[in-house]
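Visitor: Chain by chain, the residues run as shown.
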Amino acid sequence: MADKSNRPQLIVDGKRLDGRGFNQLRPLKIEASVLKNADGSAYLEWGNNKVLAAVYGPKEAMPKHVQDPAKAIIKCKYSMAPFSSMGEHSRSGPNRRAIEISKVTREAFESVTMLHDYPASEIDIFIEILQSDGGTRAAGITAAAVAMASAGIHMKDLIYAVSFGKVGEDLILDLNMIEDNYSDCDMPTAVSPRNNDLVLLQMDGSLTREQLHNGLQMVLDAGKTISQIQKEALQRVYEGSENGNGV
Amino acid sequence: MPRQLVIPGEMIASEPVRLDNTYVENGKTFAKVLGFYESEKRQVIPLEGIWQPRIGDIVVGIVVNARNAVYEIDLSHFTRSILIGSKFDRQAYKPGDVIEAEVKDIEDRKTLILWRPRTLIGGTILEVKPTKVPRIIGKANTMIEQISKLTRCNISVGNNGIIWLKGANVPLATEAIRKIENEAHLPGLTEKIKHMLEEETQTTSK
Numbered sequence: 001m002a003d004k005s006n007r008p009q010l011i012v013d014g015k016r017l018d019g020r021g022f023n024q025l026r027p028l029k030i031e032a033s034v035l036k037n038a039d040g041s042a043y044l045e046w047g048n049n050k051v052l053a054a055v056y057g058p059k060e061a062m063p064k065h066v067q068d069p070a071k072a073i074i075k076c077k078y079s080m081a082p083f084s085s086m087g088e089h090s091r092s093g094p095n096r097r098a099i100e101i102s103k104v105t106r107e108a109f110e111s112v113t114m115l116h117d118y119p120a121s122e123i124d125i126f127i128e129i130l131q132s133d134g135g136t137r138a139a140g141i142t143a144a145a146v147a148m149a150s151a152g153i154h155m156k157d158l159i160y161a162v163s164f165g166k167v168g169e170d171l172i173l174d175l176n177m178i179e180d181n182y183s184d185c186d187m188p189t190a191v192s193p194r195n196n197d198l199v200l201l202q203m204d205g206s207l208t209r210e211q212l213h214n215g216l217q218m219v220l221d222a223g224k225t226i227s228q229i230q231k232e233a234l235q236r237v238y239e240g241s242e243n244g245n246g247v
Numbered sequence: 001m002p003r004q005l006v007i008p009g010e011m012i013a014s015e016p017v018r019l020d021n022t023y024v025e026n027g028k029t030f031a032k033v034l035g036f037y038e039s040e041k042r043q044v045i046p047l048e049g050i051w052q053p054r055i056g057d058i059v060v061g062i063v064v065n066a067r068n069a070v071y072e073i074d075l076s077h078f079t080r081s082i083l084i085g086s087k088f089d090r091q092a093y094k095p096g097d098v099i100e101a102e103v104k105d106i107e108d109r110k111t112l113i114l115w116r117p118r119t120l121i122g123g124t125i126l127e128v129k130p131t132k133v134p135r136i137i138g139k140a141n142t143m144i145e146q147i148s149k150l151t152r153c154n155i156s157v158g159n160n161g162i163i164w165l166k167g168a169n170v171p172l173a174t175e176a177i178r179k180i181e182n183e184a185h186l187p188g189l190t191e192k193i194k195h196m197l198e199e200e201t202q203t204t205s206k
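Residue numbers (the working numbering), protein chains in the order written: chain A, 1 to 247; chain B, 1 to 206.
Where hints are given, some of them may not hold.
Claimed, not checked - Each computed BS3-like pair below joins lysine-lysine, with the alpha-carbon atoms no more than 27 Å apart: (1) A:64 x B:110; (2) B:104 x A:156; (3) A:231 x B:110; (4) B:129 x A:231.
The hints are simulated quantities; they were obtained by calculation from the structure and are not laboratory data.
Turn these sequences into a full structure, and let the hints guide you.
Guide: Here it is in structure tokens:
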């Protein structure tokens with residue numbers, strides 16, 4: 001978090017800097033199956049974030065000593081393109097932050113993927129941030145979930161992620177870069193919408209118990225929209241086939 | 001036929017049902033794969049994904065190892081399979097031979113036992129997405145017989161996504177198969193392929 005002393009005024013007349021309400025998402029757009037070589041892929045634009053996610057596998061886990069004869073392993077690589085940044089994280093490559101995000105993303109997917117269906121296999125998830133404007137880990141997970149589904153991998157659920165935070169005493173949803181840097185709290189969450197299980201929960205800052213509760217409620221409400229957009233992205237790929245006699 | 005696109009985690013029935021590509025949790029049935037749910041036939045057809053072997057599947061593979069009368073056959077998707085020959089046809093196959101066989105038993109999810117082999121001599125091999133194989137074969141083999149007839153090719157389709165072709169017009173047959181693979185989810189494909197093949201064969205014969 002940046003220095004609070006020169007914090008810009010994040011909320012003016014009950015509106016946020018980009019004109020959004022407190023519980024309003026940035027415009028979200030997803031396109032599934034955009035890469036031919038990958039088994040599954042998705043391209044996502046969320047506000048100014050632009051994310052490309054690709055999934056390969058299930059394939060034989062390599063090197064062999066990492067194989068688990070009972071289940072699949074997931075490998076995840078989050079990386080920011082060198083040209084992606086709007087300031088703060090101006091280094092690309094495997095830095096501390098990228099390793100951490102790769103780990104939490106992997107764990108989020110491990111909890112919903114049916115790993116026992118693919119013994120001794122590995123599933124590779126690649127998340128590339130082409131343009132970043134805060135909340136890229138949430139954008140990455142949302143895109144990767146669509147990519148996983150379009151790869152035909154067995155999953156319990158199609159997860160989504162979104163962050164919420166606090167400015168003064170106000171809770172705000174889906175923080176952009178400047179809010180992320182100067183807010184009093186930033187909490188990325190990923191949710192399995194089938195039963196509203198949390199599969200990722202991180203916090204930078206502090207919240208009261210009540211604020212946490214209200215914030216999560218805000219996430220779950222907005223999640224319905226995100227899930228719907230994810231589903232529509234997958235539907236568009238197979239458009240025109242509902243009345244078919246195929247397969 | 002009413003069909004509905006389902007995504008992983010979408011509820012299919014509010015009671016426990018045993019269906020392929022679904023799972024049961026808290027007494028409810030959910031889809032675990034992106035696919036079409038056909039409520040009449042009660043099945044979830046996956047749209048993408050790797051091959052999941054079943055007993056009785058026909059496979060096409062390449063012999064990679066031959067020891068006495070035990071052959072190891074590569075079926076791609078890193079599924080290993082073992083064919084045990086009878087004691088009369090010792091060393092019937094060499095590494096590199098292409099064979100068609102049936103899955104007799106599934107040892108574990110990675111090792112299969114095959115039987116009823118048939119050698120495929122010469123020809124070319126094509127790999128397709130295993131989820132599109134039922135569409136390539138068609139209802140009661142209609143699609144594959146049509147391609148076979150119009151291009152005068154012998155075609156052997158394995159459920160593992162390997163297709164063996166040999167005959168007069170392999171490039172055209174390949175093109176037709178690729179078209180099916182790309183448009184597998186669209187209706188009226190048998191007619192479309194027939195049209196395409198007839199047009200092609202007429203122009204070449206002129």
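Visitor: Please go over all the hints and tell whether each is borne out by the structure.
Guide: Going through the hints against the structure:
no.	hint	verdict
1	A:64 x B:110	15 Å, holds
2	B:104 x A:156	31 Å, violated
3	A:231 x B:110	32 Å, violated
4	B:129 x A:231	23 Å, holds
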